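Enquirer: Sequence:
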Amino acid sequence: MHTVVERMTKYSTCLGGLLLVFSLLAPTNDVRAAQKKLPEVTDTLPVVLEADSIDFDEGNHLATAQGHAVVRYTDLVFRADRVTLDSETNVIRAFASAGKKIKFQRHNTDTLTGDFLEYHLNDSTGYIEGAEGSSKVPYGAVYIKGAQVEVADPQTAHEKKWLRGKYLLGSAPDSAVVRWNGASYTTCKQDHPHYLLRSKKIVMVPGKYIVLYHPRVYAGSAYLFTIPFNMVVNQKPKSKNVVTIMPNYDSDKHLGLEARSTFFWNNGQLALGAGIWQEGMFEYQARVDQRVAPWLSLYAGDNHQYDSNTDETKSRPFWGAALAQSGWAMDIGWAEREKRSVVRKPGQKEYETTLWRDPEVELTSPWVGLHIGDFSQYARFKGNWGRFQETGVNRRDYQGDFIERYGWGIDYYTEYPFRLGAWTISPFLKGDYWNYGYKNDGSDRQIVTIGTLGVRASCGGFEIGSAFEQKRVSGRSAFGNGWDRNYDTDTFYQRVGVKIGPSLTFAVQGVFDLTGNKNELSSMGYVLTYDNSCCTRWELTVNDDLTDSNNNDWITLSFAITAFPDSRFKIGSENLSNPFGRPGGLAVRRQRYEPTLMEKDGTEQAEKAEIAMPQFDV
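In our numbering, each number is its position in the sequence shown, counted from 1, plus 9.
Source of the hints: derived by calculation from the structure; they are not laboratory data. Small disclaimer: the values here were computed from a predicted structure and weren't measured. Hints may contain errors.
[Said to hold, decoys possible] Computed list of lysine-lysine pairs in BS3-like fashion (alpha-carbon distance at most 27 Å, straight line):
id, residue 1, residue 2
1, Lys209, Lys109
2, Lys210, Lys170
3, Lys170, Lys217
4, Lys210, Lys348
5, Lys323, Lys348
6, Lys209, Lys170
Generate coordinates for the entire structure from the input sequences, incorporating the hints supplied.
Expert: Next comes the structure, spelled out in structure tokens:
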């Protein structure tokens, strides 16, 4: 099997170098068969050489390019100090001089560098020694180093069993699959990364997946642990990291270890989770979502969870449909034995119960905004209807029967950011109104109104926020003192944050209970954040309950890789109340002033609280 190289067909001067065009001809059927894996095979496949000087040895069928050498073949680009092309075997070799690297690039995107490269044009395979590379992910880039890198087309990669075929679905026949041997992986761009993962094998399908086989986790140079399964990173925008494993702590279940994994397919996904706890409980979660129309998604799942009230671990299935169109959203859901937690008063322990929904319908309209300069107002409508049963209660005012509840409400938000010297000041007002009726004997009605007036201010590395929240309730719930009971409250929040180093921020938040004749400090919250502005973010939150009866103290530690903000390792599940954030779902406006950290954190928490199902591009 061989090819014939046509004599030099064109000379020109380009960027101080020479341009040489070779035509690789396929005179036999055998050769044509060997070239079928090449993209858009024709009788003529051009290879372009650019360099300061080019020599061609006709007897040995060898072209040598030296000095700023560049090889272009279809969508491939090779750059090196010296490049050779064997026109008989169709093999390209690239050599780097001392202190320099060769470069391999495809589709003008991801770039690989190394000390030596060999690439076979006939079957689109090759390898790079001393390789390094980077690849884009939704919120940054990943950096990979390895002793050797192999490159192959998807068909060859599958035949060599580099990875399972599902990761190659939808890959173009001419795309390059990259296998790293003895490699390290990180999203940190420092010469000495803050963290990294080491693996005997890392396979990358550009633009799709990066698969790490049983990676070992390091903090700096210190070994931490080995992940006992393959880690898959999804490079698609708006997708979550598909594998997480984390320790956790619960006041009832004590220490535990949880693992989560997500599997994607066309317009759908399956999310799985499992946890084992020190007290012997085993829990699992499963949820499947499938978009069946641009405006309609169906979901179903099961939460096998422990309930401290009954000291039982039971199955808690749920299913429903989510509709979205032009900013309108509707969720129709059924649930059995759903765990429901409600915080009724500041600093008070959560009220935990078991709820049945048969079904519940929730409707929200798009936010409507009015903007006059920096003054903005937003409002939206919301509605709710459902049949509910609360179990595990024994009260005279509620017998545990299904009760129909219906309601409507309005959300309101306004803000006016302005400058005062070096300070950015943002006064804001929030309103939340609900009017609930109950179809039992027709006499029960509950109206809940919540108003929050506050201000955010920042200057350099210093932030301060004050907010007064007032809740007023009229009427009563048909569930008595049950899951949807509300109380009158008056609460004042004071938060102060300061940057105490290049990467450290410390914040203190006090919550004052002013309800009735009270005037007491109910809790203090402390947040220490380490953000290296590079790749990682640590956050330690401590809540000190100062009331005499609740004893609601807790600690939460979270760790996030900033390139994958949706994948967060977290010990503990509690969060401080944050009245300072903008409501989730508001349209992002171009503002003259940078939002404060309180505003950003609040937005994230609000959005996570509102999103009850994985979001698709609708």
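Enquirer: Which numbered conditions among the earlier hints are violated in the structure presented, ordered from lowest to highest?
Expert: Those not satisfied come down to hint 4.
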